[in-house]
Amino acid sequence: NAGVTQTPKFRVLKTGQSMTLLCAQDMNHEYMYWYRQDPGMGLRLIHYSVGEGTTAKGEVPDGYNVSRLKKQNFLLGLESAAPSQTSVYFCASRILGTGGYEQYFGPGTRLTVT
Amino acid sequence: QQQVKQSPQSLIVQKGGISIINCAYENTAFDYFPWYQQFPGKGPALLIAIRPDVSEKKEGRFTISFNKSAKQFSLHIMDSQPGDSATYFCAASKGRSGGGADGLTFGKGTHLIIQP
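One line per chain: the protein sequences are A and G, in this order.
Heads up: the first sequence runs through residues 1 to 114, numbered per my numbering.
Heads up: the second sequence runs through residues 115 to 230, numbered per my numbering.
Worth flagging that the hints you see were computed from the coordinates, not collected in a lab.
A portion of the hints provided could be inaccurate.
Taking lysine to aspartate or glutamate and the EDC-like style, the derived pairs with C-alpha atoms no more than 20 Å apart in a straight line are [said to hold, decoys possible]: (1) G:Lys171 x A:Glu102; (2) G:Lys119 x G:Asp145; (3) G:Lys208 x A:Glu59; (4) A:Lys9 x A:Glu79; (5) G:Lys222 x A:Glu59; (6) G:Lys119 x A:Asp38; (7) G:Lys208 x A:Glu30; (8) G:Lys185 x G:Asp167; (9) G:Lys182 x G:Glu170; (10) A:Lys71 x A:Glu30; (11) G:Lys171 x G:Asp198; (12) A:Lys9 x A:Asp26; (13) G:Lys119 x G:Glu173; (14) G:Lys156 x A:Glu79; (15) G:Lys129 x G:Asp198; (16) G:Lys208 x G:Glu140; (17) G:Lys208 x A:Asp38; (18) G:Lys222 x G:Asp167; (19) G:Lys119 x A:Glu59; (20) G:Lys172 x G:Glu140; (21) G:Lys156 x A:Glu102; (22) A:Lys71 x A:Asp38; (23) G:Lys185 x G:Glu170; (24) G:Lys222 x A:Asp38; (25) A:Lys57 x A:Asp38; (26) G:Lys172 x A:Glu102; (27) G:Lys156 x A:Glu30.
So that you can see chain G by itself, here it is in the shape it has in the complex (with noise of 0.2 Å):
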């Protein structure tokens, strides 16, 4: 049973635009989301992240849009540029209510190209 299903697989943007991934989970235990970057060869780096308390949460050209009541979560970069070409993944734990101490439940991914 997947419990974080993302989407799109793959996306294409043109330079400027704004890409949109986005994000749904089934357990209701889940109360951190972060949104994690990955370049071919690399280890995942966290981009930006969310608790549910907050519908929104903005960092530079990063926002992460929140909706508990429909358990979705997605990612918006605005003003798309070539170097946020990578693979995407969401995620979520169970943070406090899990100890604390939770892995990370994550989505299958989405690859991002920004052409230019």
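Here chain A stands alone, though its shape is the one from the complex (with noise of 0.2 Å):
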């Protein structure tokens, strides 16, 4: 399995500039999440998901959206990107229930913002 997978890893954008991070898990994990890091701040929730076709806001939601098309896939868009955006995204999924509540994590997309 090759758990939670992140595409890009690196990417510079424009302000004002658009672009779609996408987030893909093989573990059929019914919850998925964005979060953001940003140096002295540790990870805040940017939006999550309870399963396919629903999704809601985190902390910090302003300047992003989300879509969860596919129970595998949750992507991230930024419409027009500002340089406080500038960060490293790191998706993560878990199972569904109470069970268990570990959180699995990408490897992180590294997004800078000029």
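Join the two chains, each given in its own frame, into one complex according to the hints.
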């Protein structure tokens, strides 16, 4: 199993450009999450999804949109990138229900907005 | 409002020593408390986790101590090794009370260096 994979690994955008980050998991997990990591800030939840076709806002959702059209994929979109969105983005997934809460993280996407 | 406070920001420990990282939380609805380990250029990976119905959990050299009344929990790394050098994050989630889907609320991280 590849676990959680993220595409691309690195990206540089100019202010105002748009892009989509792709997260894929092959563990048949119901729940998926997008976090951003900034120096000295830890990881902060952007959006999450409890299943195909459903999404919800996290702690820092402004400027981002998400879609979960397939169970294994969770897309994070930036419609008009801003320098404040320069960050490392991590996707995570976990199984359904209360049996286990471990979130499995992908390797991250480093995004720079100039 | 920072819901999970972590200290120290950085820590240097001699090989073979004990590394201790502390966290405090505010939201009493939290009922799952994991510690994640992150190496440079990698995603965080679960190290050990605890539920509030126990006061301590040990896995190998890693121990979580949990104090529900004080709303604090800590990570102890015994016999610290250079390979333990990494950034450690404490986190919390509502788990069952939050419907089971809530994301994690992270502390800001501790950069741990084990000197040989």
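Consistency of the hints with the structure:
Taking the CA atoms of G:Lys171 and A:Glu102, the gap is near 16 Å; set against the 20 Å cutoff, the hint holds. Between G:Lys119 and G:Asp145 the CA atoms are separated by roughly 16 Å; this keeps the pair inside 20 Å, and the hint holds. Pair hint G:Lys208 plus A:Glu59 holds up; C-alpha atoms about 14 Å apart against a cutoff of 20 Å. Annotation: proposed proximity of A:Lys9 to A:Glu79 holds, straight-line Cα distance about 19 Å (limit 20 Å).
For the hint linking G:Lys222 to A:Glu59, the alpha-carbon distance of about 15 Å falls within 20 Å, and the restraint holds. This hinted pair checks out: G:Lys119 and A:Asp38 have alpha carbons roughly 16 Å apart, not beyond 20 Å. The suggested pairing of G:Lys208 with A:Glu30 holds, with an alpha-carbon distance near 17 Å, which does not exceed 20 Å. Among the hinted pairs, G:Lys185 with G:Asp167 is consistent with the structure: their alpha-carbon atoms are about 13 Å apart, no more than 20 Å.
Between G:Lys182 and G:Glu170 the CA atoms are separated by roughly 11 Å; this keeps the pair inside 20 Å, and the hint holds. Between A:Lys71 and A:Glu30 the alpha-carbon distance is near 7 Å, which keeps this suggested pair within the 20 Å criterion. Proposed proximity of G:Lys171 and G:Asp198 is supported: the alpha carbons are some 19 Å apart, at most 20 Å. With a C-alpha separation of about 18 Å, the suggested pairing of A:Lys9 with A:Asp26 holds against the 20 Å cut-off.
For the proposed pair G:Lys119 and G:Glu173, the alpha carbon gap of about 24 Å is over 20 Å, so the pair is violated. Distance check on the hinted pair: G:Lys156 and A:Glu79 sit about 26 Å apart at the alpha-carbon level, beyond 20 Å; violated. Restraint check for G:Lys129 and G:Asp198: satisfied, since their Cα atoms lie roughly 10 Å apart, inside the 20 Å limit. For a cut-off of 20 Å, the pair hint linking G:Lys208 to G:Glu140 stands: about 12 Å separates their Cα positions.
With a CA separation close to 23 Å, the supplied pair G:Lys208 and A:Asp38 exceeds the 20 Å bound. A distance of roughly 25 Å separates the Cα atoms of G:Lys222 and G:Asp167; the hinted pair therefore is violated under the 20 Å criterion. Taking the CA atoms of G:Lys119 and A:Glu59, the gap is near 16 Å; set against the 20 Å cutoff, the hint holds. Under the criterion of a C-alpha separation no larger than 20 Å, the hint pairing G:Lys172 with G:Glu140 is inconsistent with the structure, at around 24 Å.
For the hint pairing G:Lys156 with A:Glu102, the CA-to-CA distance comes to about 17 Å; that is within 20 Å, so the pair holds. Restraint check: the Cα-Cα separation between A:Lys71 and A:Asp38 comes to about 28 Å, which exceeds 20 Å; the hinted pair is violated. A threshold of 20 Å between alpha carbons decides the hint, and for G:Lys185 with G:Glu170 the separation of about 14 Å falls inside it, so the pair holds. For the proposed pair G:Lys222 and A:Asp38, the alpha carbon gap of about 9 Å is at most 20 Å, so the pair holds.
For the hint linking A:Lys57 to A:Asp38, the alpha-carbon distance of about 19 Å falls within 20 Å, and the restraint holds. As the CA atoms of G:Lys172 and A:Glu102 are separated by approximately 17 Å, the hinted pair is consistent with the 20 Å bound. For the given pair, G:Lys156 sits about 23 Å from A:Glu30 by alpha-carbon distance, which is inconsistent with the 20 Å threshold.
Hint compliance for this structure: hints 13, 14, 17, 18, 20, 22, 27 are not met, and every other hint is.
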